[in-house]
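2 protein chains.
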Amino acid sequence: MHSPSEQDYIQQLSIDCVIFGYQQQQLSVLIPKLHFKGDFWALPSGFVYQTESIDEAAHRILEGRTGIRNIYMEQFRVFGKTERSSRQFMDQLVQLNEEMALLQELQQKEYDWITRRFVSIGYYALVDINQVKPQRHDIDESIDWYPVKQLPPLIMDHAEIVQEALYTLRRDLDTRLNAYNLLPETFTMKEVQQLYEAIFDKPFAANNFPRKILEQNILERLEKRYTGAANKAPYLYRLRNHSPANEPRP
Amino acid sequence: MHSPSEQDYIQQLSIDCVIFGYQQQQLSVLIPKLHFKGDFWALPSGFVYQTESIDEAAHRILEGRTGIRNIYMEQFRVFGKTERSSRQFMDQLVQLNEEMALLQELQQKEYDWITRRFVSIGYYALVDINQVKPQRHDIDESIDWYPVKQLPPLIMDHAEIVQEALYTLRRDLDTRLNAYNLLPETFTMKEVQQLYEAIFDKPFAANNFPRKILEQNILERLEKRYTGAANKAPYLYRLRNHSPANEPRP
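So the protein sequences, as listed, match chains A and B.
The opening residue of the first sequence carries number 1 in the working numbering; numbering runs sequentially from there.
The opening residue of the second sequence carries number 1 in the working numbering; numbering runs sequentially from there.
These are calculated hints, taken from the structure and not from any lab test.
Among the hints, a few may not be true.
To be verified - Below, simulated DSBU-like cross-link-like pairs (lysine-lysine); rule was C-alpha separation at most 35 Å, straight line: (1) A:Lys33 to A:Lys133; (2) B:Lys81 to A:Lys81; (3) A:Lys109 to B:Lys133; (4) A:Lys109 to B:Lys109; (5) A:Lys190 to A:Lys133; (6) A:Lys81 to B:Lys37.
Owing to the predicted nature of the structure, the values given are computational and were not obtained by experimental measurement.
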């Protein structure tokens, strides 16, 4: 845990990152396990330097814990309840790990700083698991992908933060497919359906899914068909350069 | 301008409110004009007390400037660029209004506090203009509804904040119709279409709109028809108690 200083960071503001990974038709979340007694899993989190934007802070935090750079991340919600603080978790951590030098280094002032009320901005990303190499930080015992349906117990409100990220991921999937980079250059309708089924955790009717997805106007059907199959060759698609209608966002 | 104290508020965190109003098929925004020389329009804004949640702060700020209570508000985005500060605006304000007692009361320390970098959480609401009575605050010269297409010049990044709120309003309209309370108990398809046209600022094809909106599964068609019209009576609809599919949000 790098020592936060009152001068360097914006007070009482933190960032929590939910990194979704997709591989073999399964959706997972990247979660470090802390290198302390007591089995603590916590989302990659951190603070905002006075000299960086909140987006820059989110990317820095992500890279520091995972080695991942330059991926598409987006804020999805602020968690700002009055009682939101790491005090309970930190007290428990200290109690179980009294002998550890890392914690002894934490001065009382820093401890008080960290355990104040924090308003946290949630950021999420969705990446191809094959393309990232998670890296352990000093304070991590391990860092792993956990299936979104079998997450370990998370500290504080981090489980709620994952659920809110999942809600946003599903809501915005149609308009973010380009950014996520999860599909090859060209692909079949079946590959798209598998991606949607993994993210929504439900089957879509094969006779209805193509119409629904094509109505969104995010895919473009190519002349060339997929030729690997022995049976009737399916159409190939690619992503349009999608800009949603009526989107005044700068 | 009530004097902010360093102890009472979370540092460098503010809230900006975009209040959309709907009336006579037009979408407007509620904006106070500041009671200072220089024609300054600014969104209803404020800070977050240590003892309140960010949602509570948003409602308090809204009520303080508008007299509106208990309306549905939702956070939509955080504005967190490094250079985001009211310094330039405040310097200009002070220069133009040097003789004003209100500004003289602002101690240097408070001035420095207010003009630091602020990360701001945007909240938006959509209300029926007939149902609210905007109220002037001490520091407002006036408070008025401005058509969203003819907004006055706004301070800082407030124009961008309005655009982001508009983006979110359009994106989420289908799932929030209930909360907004803009339609009567029962209504015709034409009334729904007029609402959508005002908010999206574009016409929808009358032969296509009903199918599109009914596919969203937010409306329920009644047996009873509208009987006021002399010509063929249109169907009446009401809002379903809508809970969007796949919405894990708590």
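Outcome of the hint check:
{"no.": "1", "hint": "A:Lys33 to A:Lys133", "result": "holds, 16 Å"}
{"no.": "2", "hint": "B:Lys81 to A:Lys81", "result": "holds, 23 Å"}
{"no.": "3", "hint": "A:Lys109 to B:Lys133", "result": "violated, 48 Å"}
{"no.": "4", "hint": "A:Lys109 to B:Lys109", "result": "holds, 24 Å"}
{"no.": "5", "hint": "A:Lys190 to A:Lys133", "result": "holds, 28 Å"}
{"no.": "6", "hint": "A:Lys81 to B:Lys37", "result": "violated, 38 Å"}
Taken one by one, the earlier hints fail for this structure at numbers 3, 6, listed in ascending order.
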